[in-house]
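Residue numbers (our numbering), protein chains in the order written: chain A, 1 to 707; chain B, 1001 to 1403; chain C, 2001 to 2244.
Errors might be hidden in some of the hints.
Label-pair restraints from in silico Cβ distances [to be verified]: (1) B/1302 with C/2137: 50 to 56 Å; (2) C/2178 with A/682: 30 to 36 Å; (3) A/676 with C/2133: 18 to 24 Å; (4) C/2181 with A/562: 41 to 47 Å; (5) C/2086 with A/676: 27 to 33 Å; (6) C/2216 with A/705: 36 to 42 Å; (7) C/2214 with B/1325: 57 to 63 Å; (8) B/1096 with A/545: 45 to 51 Å; (9) A/692 with C/2115: 42 to 48 Å; (10) B/1325 with A/172: 25 to 31 Å; (11) A/234 with C/2086: 29 to 35 Å.
If you're looking for bench data, these hints aren't it; they were derived computationally from the structure.
Ideal Cβ positions, reconstructed from N, Cα and C, are used throughout, including at glycine.
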Amino acid sequence: MASVAIPQTGTVVVPERKKASDTGLWSWLTTIDHKRIGILYGAFAFFFFLLGGLEALVIRVQLMHPDNAVVSPQKYNELFTMHGTTMIFLALMPLASAFFNYVMPLQIGARDVAFPRLNAFSLWTFLAGALILNLPMIVSLPGTFLEIVDGALRSVGITSLTAVANWANGIPGANLVPDQGWYGYAPLTGLLFSGQQIDFWAVGLLTLGTASLAASFNFIVTVINLRCPGMTMLRMPIFTWTTLIVSVLLIMALPAITIALILVVFDRYVGTHFFAAYNLVEGTLVTTGGDPLLWQHLFWIFGHPEVYILVLPAFGIISEIIPVFSRKPLFGYAVMAYATAAIAFLGFGVWAHHMFTTGLGPTPDAVFGASTMLIAIPTGVKILNWTATMWGGSIRFTTAMLFAVGLVSQFVIGGLSGVMHAVVPVDTQHNDSYFVIAHFHYVLFGGSMFGFFAGLYYWWPKITGRLLDEKLGRAHFWLTFAAFNLTFFPMHFLGLAGMPRRYATYGPDSGWWLWNVVATVGALLIGLSALVFLHNVTKTMRKPRFAPDNPWDAATLEWATSSPPPPYNFREIPTVTNRDPLWAAKYGDHMDHHEEREIDVHFAGREIGTVQAPDEAEHEQHARASAAVAVREAAAEEDGHGVHMPNPSFYPLLASLGLLLISLGALLDLSWSIHLVGGLLAIPYISLLGGLMLFGAVYGWAFEPAS
Amino acid sequence: MRGDGGVRGWLQAWARPRAGRARRFAPLAAVALLTLGVLAGCGGNQPYSTIAPQTAKADDIQWLYALTFWLALAVFIAVQAAIVYAVIRFRRTDDHLPVQVHGSKRLEIAWTIAPAVILLLVFIPTAQVIYKHANAIGTADFRVDVVGKQWWWEITYPDIPANEADAAAGPLITANEVILPLGADVVFDLQTNNVIHSFWVPQLSGKLDLIPGHENLMEFKATTLGDFYGECAEYCGASHAWMRFKVKVVPQADFDAWVKAWRTPPAFDANPETPDVAEAPKSFGVCLVCHNINGTNAKIAKTGITSNPFGIGAGPNLTLLGCRDTIAAGLLVNTEANVETWLKHTDEVKAGVYMPNYYTAGQIDDAKVTELAKYLESLKPAGGCPAAQPVGGVIAPAATPVP
Amino acid sequence: MAATAIELETAHGAGHGGGQDHGHAGVPPTSTGLDSRKLLMWVFLTSDTMFFGALIATYMTYRGRSEALAMPPYPQQIFDIPYTSVSAFVLLMSSLTMVLALAAIQKGNHRGLRVWLAATALLGAIFVGGQVFEFTTFFREGLTLQKNMFGATFFVLTGFHGAHVTIGVLWLVSLLLVSLRGGVGQSHAMNVEVAGLYWHFVDIVWIVIFVLVYLLPYPAVSEAPEGAMRLVDAGTRLLHALPF
């Protein structure tokens, strides 16, 4: 029943996949299946999304009143630092990775990614980095909550909890939560101004960077090299395009922050001054020649592309969803692909717009203002193309579609406020104020998170074989939509009223109270909406697997296999002749995208566009291929599904564990060390153990037979 | 295509009681909220408001903001209207297969060019204002040096000597309050020797960072009388939220009087052990390592960016402290009681503060705290402080703008 | 990669297997015809270019800073250009021997492979040894990471490059050992080719570093007293150096 055709040659009769360890914990720890890895990425990312959300809730409760003291300023600084870092590096990026991992190989008709064990290594290294980054926060959270409860109790005269709260806050490590803000501006991160908490942040991010780089290398090679027959670059689903472009962005952007973080570590422990203009020598301040602005340049050369790394995956997801539920192909497919690439390319030329208040001078300000405005053009094209995709369609409002349309609508707000920030003089008023907070939450929540929720509802049946409850889904969407706007729209007003970000509290004479209360109420409702989603998930997972292979009448290859797909994805590697292969099969060739012949389309009484007319020859070829599929599928039913896949491997996990121990050893206790070179070089025992594990794992990995 | 197109179909769709209704109202609600917020920004007591400009420079910025705001609102309404219309008009009612449109070169070119044109409309005035403000720095004639500390501001008037007779006495220095004469075309020289801060008085100008190793200049012309609220806008550590300051624009005569009062030794004689009025009380002995008071023996503390970044021997200058509105950089209202609170609970009320708590350390007792508070509050001119001005932004611009 | 999966791919004329272990001969069964390992190396090198780019940008930002602040030692006092030119030449020659090693194995000449691999590794090791000697000499003359910005940026940039060469040498030695045990057949030429790609990249990067760090003249030393409090405007300078 598909345009999923297989060639006439070759029959696959191969031994059964090994049955052993198919479902247990060990099978998950050693899995190299891109689908399982995707699920694990998603699960960990969602956990951190909830953790980051919890941190945000404490922040909002603290800001509910002027001069509030729910948490101390120190704890507040830790909370906003970890909220930002967690949401960006541990929630949004791995959520994107989850979708890339699960969906992309299916969409291009591949059996797995190009390097499955490297893929597993990326996953476990991500988890290692997340643990390093969050270790102090995990230790400190009990103290934070006890402190809050204690504060409430003390306000009514009960002091019995104070001792416990103080004890919890005194647990070793509880005072080591990173507190320098997610972009860690030097020289605040230097040894003069910050303690060991910076090391957890820097080493955590370095580890996460390693994971992201490895994953991106893998995705790029997979998209370029493992496409099924007939899947030309311009037949790839837009989500696959997005995977490719975001991966390219990552491999180009991550080096800048990696080097910058290494230089921070050098500044802190080797005694260099890359990012410090002054140094204290015997009580006297001396010039070093270093420059804190270099950190900002290096950070934002990574940091701005990072914004697109976070939002483009969501764009890719809704570019799949909107056509499916509008029953129309994506409007301007090629332009959408090029626009994504244009956004990515321009994204490298705008970093200094984060630095308009650093005094770069009028010419750099004007140049970076202009380049920033340019990005609005491809972004605007995307918004309008999504709208045009819906236009004239037959729109079905599933939850996935609601979130997708929600993204289109809400991202416009974030995009427009973004243009305001390109107007340099205006940015000098908005920069580092709540206007910016509002802006990037419209981009990252209204953009990325809406897109990821859309993707979760859309691909959930494919991943689990169960459809999420649509009624609860709708409730989830509308609650999220309302609560999101209630939380973040008033932040525009707070920004205009001059409230700077990262203020632990504000005075009663500031006039900021009203909108802070509204935002706090909204934030609590966002928390509630997350509970609705979790309820939907737990409810759904108790149901039997009844989802059909293609519940949404979608067009791309992942819907051609079963729900959930078998470990080998496709019994036979499909061949595509079309951009929307499943639609072509179902509705016939008038759905085909032939670039050569177009017929005019009339829209609102006027001729506005073109539809490609069917091509006779290809139609015929197609019909033959479809017939072949039927025969082949029948044959395959008899054969069973004996596609041989590579074996699970323990080495990627061991290598990541080695990395984790190397970092932890260096971070936790340097006194537990072997001292070399006359005491100059201290190698912690734990790091040594980790190094041995890493070495052993790489050795075993290199010589492990794949099957 | 749907058969029941046109207004009738649209009305039917509108009337259909479905989840779509809330969606229809969402953009409306957003616009309403926006309007409300803008009104709130203009109307209420918003001393940090970015949209209540009180200088020509802030006016330029506000004009640009208004331009982008209205253009953005127009685009917002157009796009939301298109989305809402599409969502209502093209809802699935039957199992028909819509016409398969794959794109339109003409439309796509159109909506590539349209935003480009709008952006050009925004960019031209943007560039003009950028260069206008950059060029204005060269013509400013009233210099104020600002050094950002953790977490307070050192304000120096390099062109106003502390002592007219003695050039070696250095310039006039104060903290956390910038007093300006009406009409001054002021240029702020922003520097720091610790971490990055950002100097921001929203009603007077956009913000500009203080970066170690850099010297940043900010210019505006003080044309409105009033007290304007300022704050640190770049995260700078534990007490970032308590790094507030004020810019007080006063009539020239008041400014001159303030300078004169600053140069006059304080008339404090409450301490019988120190008959010389120029000497601070003995209890100030622990303080004068870091705090200078002009005209007294408290004059050893270091100032400027070469001073210790952690405030060791370099605290705020306390001359005319009695005239300041707040203490501890906007943390507490300046009263005797609050000065006592500050002295007794320094580290509790201001997180991370470098000033030691000599009270808990046992170096000053309750009596000395009281004495110190009394002394510090007495640091004001005999004829009283310059008249308090209305808080900027609440009151309309001065009746007589300076030419 | 499973043998059966390879057959499956071959039968279908395009690759979809999961597994980096394409241990087999012939045209790699992929969409582009490029071996995935080779593509992976290209992608990695793209990223590595950005790593070096960030370090070189850091070096260039602070180039001349020590002279401007009169903080010795200065590059022109310290560098021994003839010495470093010889070691740069050694590294460039190793690219030639690497080409010969690949050519040998592609023709099935195992002895040639071993000889040229050994030569490449040896030349690389000579370069690294030369760098260690250079670093030691500079250190004795007072240039340290902590001394001034020149020391910090120089050691970090060239050290990062040296680490790359060291990893390359270890890789080549591993290939040599595997080859001596008979593990690198003609069909494994791709393993040598990928290592070669990495090796040539590291050589090319050295040419850039050599020119920017050693050969381009440095500004004159300023009269300012050592360690004085001075303001520098590096960020603005960096931006004005941009090509637009």
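Look at the Cβ atoms of residue 1096 of chain B and residue 545 of chain A and judge whether their distance stays inside 45 to 51 Å. violated (31 Å)
Using the Cβ atoms, figure out if residue 2086 of chain C sits within 27 to 33 Å of residue 676 of chain A. holds (32 Å)
Could you tell me whether the CB distance from residue 676 of chain A to residue 2133 of chain C stays inside 18 to 24 Å? holds (21 Å)
Using the Cβ atoms, figure out if residue 692 of chain A sits within 42 to 48 Å of residue 2115 of chain C. violated (34 Å)
C-beta pair residue 2214 of chain C, residue 1325 of chain B: status relative to the range 57 to 63 Å that was hinted: holds (60 Å)
For the pair residue 1325 of chain B and residue 172 of chain A, does the Cβ-Cβ distance stay inside 25 to 31 Å? With Cβ atoms ~43 Å apart, the hint is violated.
Is the distance from the Cβ of residue 2178 of chain C to the Cβ of residue 682 of chain A consistent with 30 to 36 Å? holds (35 Å)
Tell me if the beta carbons of residue 234 of chain A and residue 2086 of chain C are separated by a distance inside 29 to 35 Å. violated (51 Å)
Given the hint of 50 to 56 Å, is the C-beta distance from residue 1302 of chain B to residue 2137 of chain C inside that range or not? violated (42 Å)
Would you say the C-beta atoms of residue 2216 of chain C and residue 705 of chain A sit inside 36 to 42 Å of each other? violated (51 Å)
Are residue 2181 of chain C and residue 562 of chain A spaced within 41 to 47 Å by their CB atoms? holds (45 Å)
The structure fails hints 1, 6, 8, 9, 10, 11 (numbered hints given earlier, in ascending order).
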